[in-house]
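When you get a sec, could you build the whole thing from the sequences and use the hints?
Taken in sequence, the protein lines are chains A and B.
First residue of the first sequence: 1, per the UniProt record's numbering; consecutive thereafter.
First residue of the second sequence: 1, per the UniProt record's numbering; consecutive thereafter.
No false leads were slipped in.
Short, incomplete list of chain A residues facing chain B, as computed with Cβ under 7 Å:
{"#": "1", "residue": "V85"}
{"#": "2", "residue": "L116"}
{"#": "3", "residue": "F119"}
Just so you know, these hints were derived from the structure itself, not from any lab.
Glycine included, every Cβ here is placed at the ideal spot set by N, Cα and C.
Number of protein chains: 2
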Amino acid sequence: MKESGRKQGAASPCAACKLLRRRCAQDCVFAPYFPADEPQKFANVHKVFGASNVNKMLQELPVHQRGDAVSSIVYEANARVRDPVYGCVGAISSLQQQIDALQTQLALTQAEVVHLRQFIK
Amino acid sequence: MKESGRKQGAASPCAACKLLRRRCAQDCVFAPYFPADEPQKFANVHKVFGASNVNKMLQELPVHQRGDAVSSIVYEANARVRDPVYGCVGAISSLQQQIDALQTQLALTQAEVVHLRQFIK
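Here you go:
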């Protein structure tokens, strides 16, 4: 999941530093995950969480967990931009409803199995 | 879901204004949802999203949708504090796995119903 946001030695800043109009340092915490050619990926994250908060969140994690953290942060940010009221909590509600429906259907089907077995014995 | 963060005419600020050390205005956007006696509710929201972003998000919504938006924002913030890598996306993955397992179990049980019916006809 790790992406190269900035070529080694190249002067072009990552998408985060470009949006924030700042120099993209060699050790930029965003550069590996926000490549210059995907500006919208960082724009939504910045709009929803703010660059400063995401910077802090990433700094508090070991490097090997940052890729997964960025993926989940990007997912949440995109969901919030699509649905400003429920964000990805809307997806959670919808999945829970699907689980309820499946559990009901499974219980009915299991009851039918029990019922049918009575005729076979 | 609407809560009174600040008594009418009372001087005590809501949990958001208290944390931000600012005067809680009569039309404070946070006051109805972040009562003074629940400081942690706003603290996590501020840590994850930032007060300024949440202010903007709420201002962009009609008043009748703000309560639901605050609930989902609080849910996401708490999930991110509990699980800094996956946040509430961890819950989504887990629910999707449950759905996969239920669908498999349902398909097997439905196949068993078809099988048993052959013996009855």
